[in-house]
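Enquirer: Just so you know, the sequences run in chain order C and S.
In my numbering, each number is its position in the first sequence, counted from 1, plus 794.
FYI, my numbering numbers position 104 of the second sequence as 97, with every residue one higher than the one before it.
Calculated directly from the structure, the hints in this document are not laboratory data.
The reader is advised that the hints may include incorrect statements.
List time: in silico DSBU-like cross-link candidates among lysine-lysine, alpha-carbon distance up to 30 angstroms [said to hold, decoys possible]:
(1) S:132 x C:959
(2) C:1114 x C:1004
(3) S:183 x C:1039
(4) C:1114 x S:50
(5) C:959 x S:50
(6) C:815 x C:1070
(7) S:50 x S:132
(8) C:815 x S:162
Remember, predicted model here, so these are calculated numbers, not experimental data.
If you want the building blocks of each chain, they are given just below.
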Amino acid sequence: MMKKTLFDKVWDKHVIQQIDKGPDVLFIDRHMVHEVTSPVAFLGLKNRNIKVMYPERTFATADHNTPTINQHLPVQDSLSAKQLDALEKNASEHGISFWGLGHEKNGIVHVVGPEYGITVPGATIVCGDSHTSTHGAFGAIAFGIGTSEVEMVLSTQCILQPKPKKMRITINGTLEKGVTPKDVALFIISKLTTSGATGHFVEYAGEVFKSMTMEGRMTVCNLSIEMGARGGMIAPDEKTFHYIKGREFTPKGEAWVKAMDYWQELYTDEGAEFDKEFFFDGNEIEPMITFGTNPGMGIGITKKIPTANAMEGGAATYQKSLNYMGYHEGESMIGKEIDFVFVGSCTNGRIEDFRAFTEIVKGRKKADNVTVWLVPGSHKVEKAIKKEGLLDILEASGFELREPGCSACLAMNDDKIPKGKYAVSTSNRNFEGRQGPGSRTLLASPIMAAAAAVTGKVTDPRTLIN
Amino acid sequence: MAYDKFEILNSTGVPLPIENVDTDQIIPARFLKATEREGFGDNLFRDWRYNNDDTPKKDFILNNPIYSGKILVGGKNFGSGSSREHAAWAIYDYGFRCVVSSFFADIFRNNCLNIGVLPVQVSPEFLQQVFFAIESDPKSTFTVNLAQQKITIDSTAATETFNINPYKKDNMINGFDDIDYLLNIKKNIKHFAQDTPI
Ligand code: SF4
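All chains should be modelled from the sequences, with the hints used to inform the complete structure.
Expert: This is the structure we're talking about:
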C-alpha cells in the first residue's frame, strides 16, 4: 500500500473530485466565521440569491473588532458596530450559531473552536483568518482563506485548492526550563525565515511536540503561517482525545467510537515521503525574542542582533526594519526599555498562558513604566483565570484583566500601542504598525512578557524562575 | 464575484523594491471595517503613503506622479502575513491588475487570482531587470500575456514565462469564478456531505 503522511490521509479523504490540470475540490467539515472577513462574502451570497449550504457546519463569533472593556455597553466605534451587527444579522438570516459580544461562549475564533469541540482530529477546518492553522494541533487540516473563499465555503461547503507540498519538522530532545512552545515556534521561524515553508503544509514531529500540552501544540501550529506555511499539524494522540472528549461539538456515543476508528489511523506511515524535512535539537533552544519587523527576525535572548549579511532579505530591507525598531546590529536585547506588555491573542491567550504569566509575577510588582494589557482569549479563559485564583494574584501585583477579544494583536479596536512605543507581546506579528500606527512589537512568550512586565525592560525570564 | 476578463495587459509599472511586504502594510487593520467591497484603494499602503495628519509622504512611490500604471512591481515574498483579501481588493481598487514579484505568499496569491489581479512570479534576475527598466525610464512599458504566460519588458524585449495553474488561467481569461464551478457540481457535494459526519 502507498505510504501516506498524516496530511495525505486527511486531505485525500476530503477530496470530492479533481479538476483536470486544476485544483482539488476539497470538502470542508467545519467553517468558522468572524465579523471582519465575512460581510462581503455574505453580500456575495445575497447577490447570487443563495443561502449558506450547511449552516450546521458553520460557526460564527465576534472577536477582531470588539472592545475589551465595557463590553456590556454599546460599541462606541460606529464602523465596528456596523460590522458586528452585520455578522449577527447574517448569522440569524442563515441559521448559523452565533456567539456575539456578551455571549458566554464568545472569544477569539481559534480559542473557542477547540474549547467547544468544533476542532476535532482528521477534520478540514477553514476560517477567514490566517491563524486558522492553530486547529492543526489536533491533527486537523486547518488553514486560513480569503473572503472569496469564505463565500465559496458558505455557498458550497467546498474550496478549490491545489494540494500543498509536505514538510516535516522534527525536534527531539528536551526543552530547558523557561523555554516554552512559543520559543520553539519563534526558533523554527528564525531558522526557516518568513517564507521558508511557503507552499507547504507542515507536520511537527518528535519528542518536543509529543510532550507538549494541547495548548502548547496550538501555539506552535498557530505560528506555522508565519513561515509562510499553509498550515501545520501534529498527529493526534491520547492527550488529544482526552482533551476533546465530551466537549459540546465533538461526536458522542456511537459516533465517537466510529470517529476514534478513523482518528487512530491518523499518523504518518513509516517511510512516507515529504518534499522537505528539517531536524532541530530541542536542547539548543533558548527563550526567544524578536527585534525586527517580521516574525523571522528573532534571536535567543542571550544572542546579539545579527548583522545585515546574516539575515534573510536584502541589506536595505533589513536596515529599514532596524531603523523602524530603533535598534542596531550587534546590540543585545537584554535591558531594552519597554512601554507596553500585551498578553493575549490566539497564539498565547489561553489559560495555560495566564498560568505561566502569573507564576512569574506572583509576589512581584508591575513595573511603573509599563502599561500591561492582559486579554483572555475567551470568556471561558476569563472564567478560569478567576476560578483558579489567578486574578487575585495578578491584582495583588498591580495588574488588571480585560475582557476577551483579539485586542492589540491587530489593534482594530481601541487597544492600540502608540507611535514609537515598544510592546513585548505574546501575539504573532511584529509587522510595522501591526499593533497601532508606528508601534514597535517584540514577540515573546508569556513568561518573557511577565519578566518584562515586572522589570520594565527586556529580561531573560530564566533569571526570575525559582 | 465575477471580475473583468484578463487577456493582455500593456502598461507602465510602479516599483516597490522592498522585500517581505506584508498585508498589514498593504492595508492596515484599522481600514478593514467596511461591510462592502469598495474604496479600499484610498487606503492602499496607507501608513507608507500618508503622514499622521493625512498629508501625503512625498518620498513614497505612489505619491510620485512620474510613476503610474496597472502593474505593481514588488520585492521578494510579497503579500506575506494576514489572509485579508482586503489587501488584494485595495490593489485592485487602486487600479492595479497585475503584481510582479520574485516570490508570493500563498494566501495572497490565491486571493489575487480569486478577484482578477494576476500575480506574475518571475526570477530574481528578471525582477531586477524590471526594476532597472523603470528606474532608467519610468515610462517603460511591459506586456503581460496571460494566454502565453509571458511577461515582456518592451524596451529591451527581454521576456520571461511564468507559471499559473491552467484552471485558474482559464478562469481569469474568461472572468469566471470558482463558485460558478462549484455550484454546478452541487449534487456531488451533497452526496459527499451525507457520508461525512459533521
Ligand atoms: S488574535 Fe490576532 S491572529 Fe488571532 S484571530 Fe485575532 S487577529 Fe487573528
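Enquirer: Look at each hint and say if it fits the structure.
Expert: The hints, checked one at a time:
1. S:132 x C:959: violated, 40 angstroms
2. C:1114 x C:1004: This hinted pair is violated, its Cα atoms lying about 39 angstroms apart.
3. S:183 x C:1039: Between residue 183 of chain S and residue 1039 of chain C the Cα gap is close to 28 angstroms, so the pair holds against 30 angstroms.
4. C:1114 x S:50: Answer holds: residue 1114 of chain C to residue 50 of chain S is near 16 angstroms, not above 30 angstroms.
5. C:959 x S:50: Cα-Cα ~41 angstroms, so violated.
6. C:815 x C:1070: holds, 24 angstroms
7. S:50 x S:132: holds, 22 angstroms
8. C:815 x S:162: holds, 11 angstroms
Checked against the numbered hints listed earlier, the structure breaks hints 1, 2 and 5; every other hint is satisfied.
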